[in-house]
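Participant: Below, each chain spelled out in residue letters.
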Amino acid sequence: MGKTANTSVRDLLFGDLWDYAPAPESRDHLTIHERYGHFIDGKFIEGENHFPSINPATEEQLFEVASADEATVDTAVKAARRAYDKVWGKMPGSERAKYLYRIARMIQEKARALAVAESLDGGKPIKESRDIDIPLAAAHFFYYAGWADKLEYALPGATPSPIGVAGQIIPWNFPLLMAAWKIAPALAAGNTIVIKPAETTPLTAMMLAEIIQEADLPPGVVNIVNGAGQTGAAIVNHPDIDKIAFTGSTDVGKIIQRALAGSRKKLTLELGGKGANIIFDDASLDQAVEGIINGIFFNQGHVCCAGSRLLVQENIAEELMHKLRHRVSTLIVGDPLDKNTDVGAINSREQLQRIQELVAAGQNEGAQIFQPSSPLPEKGFFFKPTVFTEVTPSHRIAREEVFGPVLSVLTFRTPEEAIEKANNTPYGLACGVWTDKGSRLFRVANALKCGIVWGNTYNRFDPTSPFGGYKESGFGREGGLHGLLPYLEVR
Amino acid sequence: MAKSTPTRLRVLKTFKLYIGGAFPRTESGRFLQEHNPKGQLVANFCRASRKDLRNSVVAARKAQPGWAGRTPFNRAQILYRMAEVLESRRESFESALIERAGTKAADAQAEVDAAIDRLVWYAGWADKFVQIMGTTNPVASPHFNITSPEPTGVVTAFAPRSAPLLGLITAIAPVIVSGNALVLVVENEHPSIAIDLAEVFHCSDLPGGVVNILTGLRDELVPHAAKHMDIDAIATFDATDEERRLIALEAAESVKRVHNFETPTKSDWSQASAQSPYHILPFVEFKTAWHPIESGAAMGAKY
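Read top to bottom, the protein sequences are chains A and B.
Quick note: the first sequence, position 255, residue 255 per full-length UniProt numbering, numbers continuous.
Quick note: the second sequence, position 271, residue 271 per full-length UniProt numbering, numbers continuous.
Hints in this document: simulated from the structure, not taken from any laboratory.
Please note that the accuracy of each hint is not assured.
List of simulated lysine-lysine pairs, DSSO-like, C-alpha gap at most 30 Å [to be verified]:
1) B:K266 <-> A:K265
2) A:K266 <-> B:K227
3) B:K227 <-> B:K38
4) B:K13 <-> B:K104
5) B:K62 <-> A:K421
6) A:K98 <-> A:K78
7) A:K254 <-> B:K227
8) A:K254 <-> B:K51
9) A:K437 <-> A:K384
10) A:K265 <-> B:K227
11) B:K128 <-> A:K266
12) A:K421 <-> B:K227
13) A:K98 <-> A:K265
14) A:K437 <-> A:K421
15) B:K62 <-> A:K254
16) A:K266 <-> A:K78
17) A:K98 <-> A:K266
Looking at chain B on its own, in the form it has when it is part of the complex (with noise of 0.2 Å):
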């Protein structure tokens, strides 16, 4: 980050939540704060309350349906969008890691080209998974019938806690790329890289809603998470076993569907086995359709 002059004094950012393609802030009036790695006050930043949760969902739900109802084309393309515009803002983003988290310069570059590539990686993926894990199956009546993969609906995120910039992406890309729409928790020691990360997807003709973020505390927005009638699945990284236990047991009222990630290692956050198609798979539902042939009487020939 360029230093300012001397005399000048620096303006400092409030850092707010992501919902619905706004920057509220929390409902609950409620405030957390991050320090660097030297114990320095960094920013205060929102304590996502319940309220907020609930206020998210009701935005994922109204944004969901038009994000699928895109083209998969539309949809890699504002992946891709999104990518473009992280590269354009690298700096900003390898400053805060380094001034913020206290990340090597190189390890900071490293992490954002990861992140930038992971996104443009996925947004490959969206007009791509349908093709590869969809099916035409060779049944044995006269009937064309085609299965293809829809998404699920409305997903809540428990956001790794490693790897604050590229630990988001990989949590938000396999789950937005087919037209889910996400509510992302983040507790980490550096949230603030989240809601800089808001304004890039909000300027990256992301529609509003279908990426909401929230800072807070897991602990508290875990049950409400898994107790919300409205949502239909729930993702986890880092999750402890009472965590995993806690969800599952809440979860099955609505019968939602629960993934808990392993999370990679430092040193595997940019490898390649961090990202997977199969990583798409459990925010989507299979349809299958039948549809009726002619049969080769009617269609026939000889009456």
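If we strip away everything but chain A, and leave its shape as in the complex, we get (with noise of 0.2 Å):
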């Protein structure tokens, strides 16, 4: 690396310039169990067909997982059931409210232990799993906690009743956080729940069983199975489930949804997206260049609504293009335990394998590729920043969801052009729209197709706010009020 910036442009490349020191997060007061089974019926149980856990940053095995057959998932689902006829289910809303507060608060309080798990086990830089993902999870269980006695507010002039059985799966890429946003509204609404995590991140999910047994959660309300799709399958076919939520690939999704042709289970799903983020000329493009930034290199990309593809006005392409470049260089990849690492590592081999496939498709097709000079640490799985120019609307990096730190950029010239390429697209997640213009704002965020649209910000998240797709990108929402639809019966 250059000890001099190698840029005329009068900017601090503090990270071309010298190194930093490292800042790692200690995780000494982490404890982490050499082998996890099952949280069934209040009780942690050993589990069976263990297979090992990696830390993505070092290829290390972090612990063993066990890996549910279909009589475990009995277990579980006869516990929930169990619960739900017994206890949850008539339990006053504003006794249900006080469990959820209290898991809300000892989520807090071990926010540390939870923020250092996410990061060894996901390989999220510690900084989003410490600032974002585990205040949010708790911010989630506050917000239901609320709900769960006033639920005849949520529905006007209707008369609101739990489902019953709520059968989640929830992907590896925020995975406390994506239990909060399950387990959550099920709970508030009167459901009980058999959740089961990702393969590759059920360490968070674990640590919150502990919770939910020290905060004394009846036994049975909350299971959590762990394995992989296998074990999701078993969930999704179960004949005493009222309910499934799924969170992870359309291609999934839609197996999910032929899976339960026939039944009279309820679903939803949150499937994949394929985000634009569109910078009109009028926008803040310093603004703006730290929104792209946020919008896809955020959790190494491993966001559903990423703003993975960049649609730019034309007249102000070139001029933003260098901005970019150059704030893409100071992107520190690395550690994810260092305070100062801004891209962690990629989840999984299998996953650094598809984005590595997706990039070479990128180059074969024409697209110009662009990516920092800095290295990548020898081990782990990593993967550079990397920014496409010349892309056009049929390359693959266009229009599949790589699920990684890559950007596609193409170009517009008038708001209808803009939105007819945002919307030319199977899936309906996510969309940006940068403009100084209220009133822009406004228009385009209407004609869009799809479910968020963030003005003059990214890949902003709250417990009030209803996040779902359109298309593709699955039905029903999670988060705000609108998230307690359904797991509820409305009559």
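If you follow the hints, you should be able to join the two separate chains into one complex; please do so.
Facilitator: Structural data, given as structure tokens:
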């Protein structure tokens, strides 16, 4: 790495001039067990068919985790049904609320341990798990706790009642946050749960199980079973589950939708996306550059609503790309536990290979690649922040969800063209719009076929704000008042 | 229906389909027959084909953005207008129910009453469901955050088999009130009433293509609707388990929204329980928009 700034632009490229002193978060007060089984009926059970869980930043084994078979899933569902019939379904909302408040508080108390665990197990930068994942997870329990005793206000004119036993399957990109998104509204509404964390990131879910136990939640209300696709299938196909909530890939979502065909189970799907981040020529460019960075490199791009297609108005494209390349060059890729790290480890070898494959396709199809020159750590699953220009809408990198730190840049001339390009995808999860003009922002926001539109910002989340997609990004909403609907029977 | 003079031969009506604001015959040239309870032939009517379905979806897709782009006030006025026009033709629908379907006079009157009133009821929701079902969200960041329902797009509905007039209104109104376009597939014993109803819609300021009505055989059209990549949602009434299974199986490919209504019992059709703002929700998406708020410091005041 050169020791002089290799640019004529007057910006402060500290990362280019000298190295950061490492600032790793310590992990000494975090206890990770050698083996994790399942959490069923209020008890930790040993489990079966253990497989290793890897720290993606070092490729070292962190622990072993069980893989639940059909019999184990059945035990969990029976416990959930018992708890629903005998305890939770009958409990006054005001009491349910207090359990959820307890869980929220305990997550806050253990926030640092949870953040370290999240970064170790999943590879995300500690500053994200510390400042975003864990606080938001606690906030979701707080928010929905308050709904538990106010459900009659949630749905005007209706008399809501819980659905029963919910089966929930969550992904590896926001392990604890996704667990909170799923568990909190389901419990507030009076349902009981069997939830499966992703096979690569079960650690914080098992820590949440400890919190649930310590909070004295009645046994069986929340059951956590570990495992991969087969365990998920056992949940989806279990005859005594009333509702399935799935967050993950569109491909798997379609499989689940088919699997439920003919059953009376309710279904919500939060699936993939190919978000467009639209930059108009009157936008504040420096602010937009930060938004673009946040939109695609947050959590290594492992975000279903990632702003993976940058649509730039043609007359500012050159200037914006210049600024963007500079900013990308300053990103620090490395140890997720280091507080300086901007981009951590790719979650798994499998995901790294998927990213590599799509990036190769981008190059083969004629797009121009830009990556910063700084080297990657020698061990672990890492990928350089990548920006493709000269992308056309037919390129695979413009159509398929990469789920990695890879940005495709396209240009447009008029708002109509921006809208058409943004909507030219089977997905419809999120978009960003950057403009100084409020009227233009609302006009474009209205025309976009997606569930979330971020105006002059990107990748913002809040428990009071519904989240979910149009089209092949799935159906149903999580978060906010609308996140209660899928867990309530409305009559 | 007024009796013709004995010497005059009655003019029979050719019942067609209703697609894109026009009344074409089925492209397939096929027909089915409707009989009254006495077994007498009432009419020949169209047996819609897969191609008719596809044409309807094209018409619906074309009409939908304009319909959704109308102000809710305007959509409310048009639904109310549909009620007005139905009211002005009530005798014709009453006699159709009596003569073709064998409905008792009092029941026919009640069904037409309920159908008109249901349209009026849903008309009123056009500019209110957004207020009731949308939210402003108090996020913990300096943003103004609003969630509002938007129509899903093109919806195909498989109409109820009972209540040949009221059942159709119950299926149509909650779908179109939010700005969706609809392809309604009608298979019941008296499909001619559906085409009479299409004429009501046709002169109610409802833009062509917003409601398309196909008479025919459900079993024939269900798989094609479920597979069609440009249909956003499917609604069913009276669906068997097998039909539900078939639709869900094929609908997954485009992640279609499928909603199976529980069909009211005969006596419940006219009850308030057969109408609900929550029947609008399966065919809307919620869009959440985040708009930044200038920070206090910037607006602030003291520099």
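Participant: Work down the list of hints and note, for each, if the structure agrees.
Facilitator: Evaluation of the provided hints:
| no. | hint | verdict |
| --- | --- | --- |
| 1 | B:K266 <-> A:K265 | holds, 26 Å |
| 2 | A:K266 <-> B:K227 | holds, 21 Å |
| 3 | B:K227 <-> B:K38 | violated, 39 Å |
| 4 | B:K13 <-> B:K104 | holds, 23 Å |
| 5 | B:K62 <-> A:K421 | holds, 19 Å |
| 6 | A:K98 <-> A:K78 | holds, 25 Å |
| 7 | A:K254 <-> B:K227 | holds, 13 Å |
| 8 | A:K254 <-> B:K51 | holds, 26 Å |
| 9 | A:K437 <-> A:K384 | violated, 34 Å |
| 10 | A:K265 <-> B:K227 | holds, 21 Å |
| 11 | B:K128 <-> A:K266 | holds, 27 Å |
| 12 | A:K421 <-> B:K227 | holds, 25 Å |
| 13 | A:K98 <-> A:K265 | holds, 29 Å |
| 14 | A:K437 <-> A:K421 | holds, 20 Å |
| 15 | B:K62 <-> A:K254 | holds, 27 Å |
| 16 | A:K266 <-> A:K78 | holds, 19 Å |
| 17 | A:K98 <-> A:K266 | holds, 27 Å |
The structure fails hints 3 and 9 (numbered hints given earlier, in ascending order).
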